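S.K.: This is what each chain is made of:
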Amino acid sequence: MYNAATSTLTRVALLGAVLLVSACSTPSQPNGINDPYEQTNRQTHELNRGIDRIVLRPTSNAYGTVVPERARNGISNFANTLNQPADVVNSLLQGRVENAGHSAFRFLVNGIFGLGGFLDPATDMGLEDRDTDFGETLYVWGVPEGVYGELPIVGPVTERHAAGKVVDLFTNPLSTVLEGPGATAQTAANVASGFGTRYTLSDTIDSILYDSADSYAQARLIYLQNRRFKLGVDSTGTDLDPFEDPYDSLPLQ
Amino acid sequence: MTHSPFSKPSRRIVLAGLGAGLLATPALALSEAAAKTLVERAVTDINKVIASGKSEGAMIRDFEAIFARYGDVPTIAISALGPPARSASAAQRSAFTQAFTGYMARKYGKRFREFAGGRIEVKDTRQRSRLIEVRTLAYLPGQSPFNVTFLVSDRSGRDKFVNLLIEGVNLFQTEKVEIGAMLERRGGNVDALIQDLRSAG
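Chains A and B, in that order, are what the protein sequence lines are.
Residues in the first sequence are numbered consecutively from 1, following the numbering used here.
Residues in the second sequence are numbered consecutively from 1, following the numbering used here.
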């Protein structure tokens, strides 16, 4: 009881800190690329490329080669199922009640009929994954995007997304319930699922990191386009306008 | 007085014809239905190549042909090159467009292998100023479906794709940045860029 109250207090304090950080950051340019720390970020990018080349890429290739596809899918389903309660909470915080019910139902269906979450019968029933995070909650609450940055191991983020990740790390409702081996299993499933993703998207990630002329600029652009698409940010009329007409920027011939 | 029994109807027909003519004018512009048909045809062709089980080299050649048939390649290429295209000669522009086409086919043709066993479903269409947005969902085995959006334009004189968005990731914009970086690496030398493009992707 006392512990629960303290942990709630910790969370509220954390949340306050996050909001403060976000509020204090540079006024956001929600529609362009706001990267004032590019020099530092580029150094971190080189570090991340090194980490990927030496650790992540070989490990995920080994994981993908050794562990059969069905087992890998099972593990990533399991990690996904364990993440549903966090999706429910974030959807509620965003006022998206239908999504919250959807994710709660998905959690129950996969937990009960999917061998504890290793299978995904929910998707076949029309309960597809509606992934969300606290970064999205902050967006819904009107917190500005903040500056772009690349963090060691984590990779490309915006300030708002990074703040969200910190909160997500400490507030997954299931992590509160799970202790000892349960919590370890959850962390292990998340890490394995990450390796699985690196393996599945291997060609795409390799192409961006190792084949492009400026992998930093590619990663930054792809991340921002994808993140804004996920959040539903309107980028019309900006550098990242998805409906930019190539004819309008056609140099005169 | 003899009335021609056809005078009234014929006037009506003339008016109807005029009205139809006025109504038909917007139909000359790219319609959402035509854009949807174009996407469906391209998807069918792409699926055929994926299912053909040909060698990677043969598949890439097939994709290059599909890219040229359905895509407004010269516009995508020159627009991706940007302002340096202005000072380039006609021969350089044409060589660049050709090298760019091969580069795109190699780079993305390899990717299409990942679509094996999958399918693309056309969802809806929307007018976006002079472009038509055709939204589709791609289903790959063992993965959650993801959004693929085709942008269609008729400004070349024919209905063609000018861009593709995968979960918001914009093919035209990423290639524009990539071409810019490749050109910068060569100190702005367009001929050297063309040379690099011929083996890139």
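It should be emphasised that the hints constitute simulated quantities derived from the structure, not laboratory data.
Hints are not guaranteed to be accurate.
With a cut-off of at most 30 Å between alpha-carbon atoms, the simulated DSSO-like pairs for lysine-lysine come out as follows [stated by the list, open to error]:
1) A:Lys-230 - B:Lys-123
2) A:Lys-230 - B:Lys-110
3) B:Lys-36 - B:Lys-123
4) B:Lys-123 - B:Lys-110
5) A:Lys-230 - A:Lys-165
6) B:Lys-54 - B:Lys-110
7) B:Lys-107 - A:Lys-230
8) B:Lys-36 - B:Lys-107
9) A:Lys-230 - B:Lys-176
10) B:Lys-107 - B:Lys-54
11) B:Lys-36 - B:Lys-110
12) B:Lys-107 - B:Lys-123
13) B:Lys-54 - A:Lys-230
14) B:Lys-176 - B:Lys-110
15) B:Lys-110 - B:Lys-48
Keep in mind the model is a prediction, meaning the values are calculated, not measured.
S.K.: Against this structure, judge whether each hint is valid.
M.R.: Each hint, compared with the structure:
1. A:Lys-230 - B:Lys-123: 18 Å, holds
2. A:Lys-230 - B:Lys-110: 26 Å, holds
3. B:Lys-36 - B:Lys-123: Holds: B:Lys-36 and B:Lys-123 sit about 9 Å apart, inside 30 Å.
4. B:Lys-123 - B:Lys-110: 26 Å, holds
5. A:Lys-230 - A:Lys-165: Roughly 15 Å separates the two Cα atoms, so the pair holds.
6. B:Lys-54 - B:Lys-110: Distance ~12 Å between B:Lys-54 and B:Lys-110 Cα, so the pair holds.
7. B:Lys-107 - A:Lys-230: 25 Å, holds
8. B:Lys-36 - B:Lys-107: Given that 30 Å is the threshold and the Cα spacing comes to 25 Å, the pair holds.
9. A:Lys-230 - B:Lys-176: Distance ~22 Å between A:Lys-230 and B:Lys-176 Cα, so the pair holds.
10. B:Lys-107 - B:Lys-54: 17 Å, holds
11. B:Lys-36 - B:Lys-110: Roughly 25 Å separates the two Cα atoms, so the pair holds.
12. B:Lys-107 - B:Lys-123: Roughly 27 Å separates the two Cα atoms, so the pair holds.
13. B:Lys-54 - A:Lys-230: 36 Å, violated
14. B:Lys-176 - B:Lys-110: Between B:Lys-176 and B:Lys-110 the Cα gap is close to 20 Å, so the pair holds against 30 Å.
15. B:Lys-110 - B:Lys-48: Given that 30 Å is the threshold and the Cα spacing comes to 15 Å, the pair holds.
Violated hint for the displayed structure: number 13, the only one.
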